[in-house]
Amino acid sequence: MGIIKTNKLKYEYIRRDEDNNVEGITTALDGVSLDIKAGDFIAILGHNGSGKSTLARHINAILFPAEGTVVVDGMDTTDSSKLLDIRRTAGMVFQNPDNQIIGQLVEEDVAFGPENMGVPTEEIWQRVAESLEAVGMTAYREHSPNRLSGGQKQRVSIASVIAMHPKCMIMDEPTAMLDPGGRREVIEAAHKLNKTEGITVVLITHYMDEAAGADKVIVMDKGRIAMEGTPREVFSRVEELKSLRLDVPQSTELAWRLKKRGVDLPDGVLDRRELVEALIRVYKRNK
Amino acid sequence: MAESGFRGLIADHLVYEYNKESSQRLRALDDVSFTIRQGEFVGLIGHTGSGKSTLVQMLNALMKPDSGTVYYDGRDVFEKDYDRKALRGKVGEVFQYPEHQLFADTVFEEVCFGPRNMGMDRKQTELSAYAAIKKVGLPDECFDQSPFDLSGGQRRRVAIASVLAMKPELLILDEPTAGLDPLGRLELLDMITELNRDSAMSVLLVSHSMEDVAAYASRILVLDKGRLIYDDTPAEVFAHYEELQKLGLAAPEMTYVMNGLKAAGMDVDTSALTPDEAEESILRALRLC
Numbered sequence: 000m001g002i003i004k005t006n007k008l009k010y011e012y013i014r015r016d017e018d019n020n021v022e023g024i025t026t027a028l029d030g031v032s033l034d035i036k037a038g039d040f041i042a043i044l045g046h047n048g049s050g051k052s053t054l055a056r057h058i059n060a061i062l063f064p065a066e067g068t069v070v071v072d073g074m075d076t077t078d079s080s081k082l083l084d085i086r087r088t089a090g091m092v093f094q095n096p097d098n099q100i101i102g103q104l105v106e107e108d109v110a111f112g113p114e115n116m117g118v119p120t121e122e123i124w125q126r127v128a129e130s131l132e133a134v135g136m137t138a139y140r141e142h143s144p145n146r147l148s149g150g151q152k153q154r155v156s157i158a159s160v161i162a163m164h165p166k167c168m169i170m171d172e173p174t175a176m177l178d179p180g181g182r183r184e185v186i187e188a189a190h191k192l193n194k195t196e197g198i199t200v201v202l203i204t205h206y207m208d209e210a211a212g213a214d215k216v217i218v219m220d221k222g223r224i225a226m227e228g229t230p231r232e233v234f235s236r237v238e239e240l241k242s243l244r245l246d247v248p249q250s251t252e253l254a255w256r257l258k259k260r261g262v263d264l265p266d267g268v269l270d271r272r273e274l275v276e277a278l279i280r281v282y283k284r285n286k
Numbered sequence: 000m001a002e003s004g005f006r007g008l009i010a011d012h013l014v015y016e017y018n019k020e021s022s023q024r025l026r027a028l029d030d031v032s033f034t035i036r037q038g039e040f041v042g043l044i045g046h047t048g049s050g051k052s053t054l055v056q057m058l059n060a061l062m063k064p065d066s067g068t069v070y071y072d073g074r075d076v077f078e079k080d081y082d083r084k085a086l087r088g089k090v091g092e093v094f095q096y097p098e099h100q101l102f103a104d105t106v107f108e109e110v111c112f113g114p115r116n117m118g119m120d121r122k123q124t125e126l127s128a129y130a131a132i133k134k135v136g137l138p139d140e141c142f143d144q145s146p147f148d149l150s151g152g153q154r155r156r157v158a159i160a161s162v163l164a165m166k167p168e169l170l171i172l173d174e175p176t177a178g179l180d181p182l183g184r185l186e187l188l189d190m191i192t193e194l195n196r197d198s199a200m201s202v203l204l205v206s207h208s209m210e211d212v213a214a215y216a217s218r219i220l221v222l223d224k225g226r227l228i229y230d231d232t233p234a235e236v237f238a239h240y241e242e243l244q245k246l247g248l249a250a251p252e253m254t255y256v257m258n259g260l261k262a263a264g265m266d267v268d269t270s271a272l273t274p275d276e277a278e279e280s281i282l283r284a285l286r287l288c
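Chains as they are written, first to last, in numbering that gives the first Met the number 0: chain H, 0 to 286; chain U, 0 to 288.
Looking at chain H on its own, in the form it has when it is part of the complex (with noise of 0.2 Å):
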């Protein structure tokens, strides 16, 4: 069994009027399942309003189902004596990164998450040590969050989420408000997390190229899951993709433009690399 389980998940919410008037009901969820495999690196994407954030939040009990379960590593999110635990296996990374960071010094930031769950003071600094390492942010330890970039700010939000020792980590667009540099760097260390600690990502992003490197790819729409593959198989589906409200990267884009017009290309290139290298075999063998 997977370390993220939904179930049928059905989400609702009521809106009213000025007066509190129900004026309607919105299915923001609409029979979602899912099987997160620990280990995997999953990226979610779909349209403003598909409920893929919705569904990020159900998964460390921010949100319960309507009906339907959701299980985390083994804990049903609406157990309330599971609540901490959940929120400590689960840990969430947001958009913007001003919201996030609370310390006055990185490590103050990095140090609150573990002194609040009550971890031996000993062990807080052992684990702002580590944390800070894995995101490669030790040599900001002593700085003031103010002075830092878009990417090493949203860095040392990652690196106060993984201080708890979560076994996962959700990250819901937390390039938006990033230049390309800080992009790479937010990506790189996800990655980096994943592969080395083992930790399970959920990434939900508006990037289509955050998404290529994923093990799998999950798409919304209108609260059920449209699609679900490994990039290439996803990324393969242009035309699909595009009347979701949803693009693919630009190497994607070309590979498969090109390919419409007779140049002898794979399907679902994922990125310039393969294209590139797509590109020049076709060329050689004209030659």
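Any given hint might turn out to be false.
[As the list claims (entries may be wrong)] Derived lysine-lysine pairs resembling DSBU-like cross-links, with alpha carbons at most 35 Å apart:
| id | chain 1 | residue 1 | chain 2 | residue 2 |
| --- | --- | --- | --- | --- |
| 1 | U | K261 | H | K286 |
| 2 | H | K9 | H | K258 |
| 3 | U | K224 | U | K84 |
| 4 | U | K134 | H | K221 |
| 5 | U | K261 | H | K215 |
| 6 | H | K283 | U | K63 |
| 7 | H | K258 | H | K241 |
| 8 | U | K261 | H | K283 |
| 9 | H | K221 | H | K166 |
| 10 | H | K215 | U | K245 |
| 11 | U | K261 | H | K241 |
| 12 | U | K79 | U | K122 |
| 13 | H | K221 | U | K133 |
| 14 | H | K191 | U | K19 |
| 15 | U | K224 | U | K133 |
| 16 | H | K194 | H | K9 |
| 17 | U | K261 | U | K245 |
| 18 | H | K36 | H | K191 |
| 19 | H | K286 | H | K259 |
| 20 | H | K258 | H | K221 |
| 21 | U | K245 | H | K241 |
| 22 | H | K283 | H | K258 |
| 23 | H | K258 | U | K261 |
| 24 | U | K63 | U | K134 |
| 25 | H | K166 | H | K81 |
| 26 | U | K63 | U | K89 |
| 27 | H | K241 | U | K133 |
| 28 | H | K191 | U | K261 |
| 29 | U | K134 | U | K122 |
| 30 | H | K194 | U | K245 |
| 31 | H | K258 | U | K245 |
| 32 | U | K261 | H | K259 |
| 33 | U | K89 | U | K166 |
| 34 | U | K84 | H | K191 |
| 35 | U | K133 | U | K89 |
| 36 | H | K221 | H | K191 |
| 37 | H | K241 | U | K134 |
| 38 | H | K241 | H | K259 |
| 39 | H | K241 | H | K283 |
Calculated from the structure, these hints are not laboratory results.
Fit chain U to the supplied structure of chain H, relying on the hints for placement.
Leaving out everything else, chain U in the frame of chain H:
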């Protein structure tokens, strides 16, 4: 410095330092000069902390430079008797996540706020608000709705409409597509392009997406550590893709693909910046052999 009859904005040797009194002086802007002519679509890129936000706040006189100045239509905007309130109508600014600042009960009320505040009379205000809401492509049903009942993408359009209602001549947008899905990004940028083309409104697009500035801007400004290091066409700027990468920036995906192909001996155009341009260039190169 200001030419007579010049229409548009001139940033003239702008310098600004933070922490002036302390030992940790930080030069946020270091002798920055450029022009934005009426009707231009200019992109501004730079990593976090490069001075973009400081610069943008100076362009409509929200911040005063330590030295240097900004001319608008040939007049120094920091002169004592300059009408800076009117300037903020002419140089409209859409901040990051502007939908977080919505407050009115209805979309129409929200969009009326700016022009009314600028001193337009009721009729002008309402006409201007109506036109702005139509321009951003929101349907008529939205007018009386609460902005909070709209989707995230629609809320952002309301926020943009409330700046457009002040009839800006130059629209500055700071990361207008952050958090939008791919089609939402495209729709918003296409809408801004139409406004630029049809009403000759100038646009300054501040963005972290190299693909977006490459596809939409006709000129790109690059800031690094407070200095303006490039001011050129997208093709010229992204020809420096290796230097940009070192600065924490990047080039559009297509730049890397085309340079990779060129390095392997294919005769392709390395200045192709969009999949459209790359597609044609690659097809030509393949047919040649």
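Violated hints - listed by number, lowest first: Per hint list: 2, 6, 14, 15, 34 violated.
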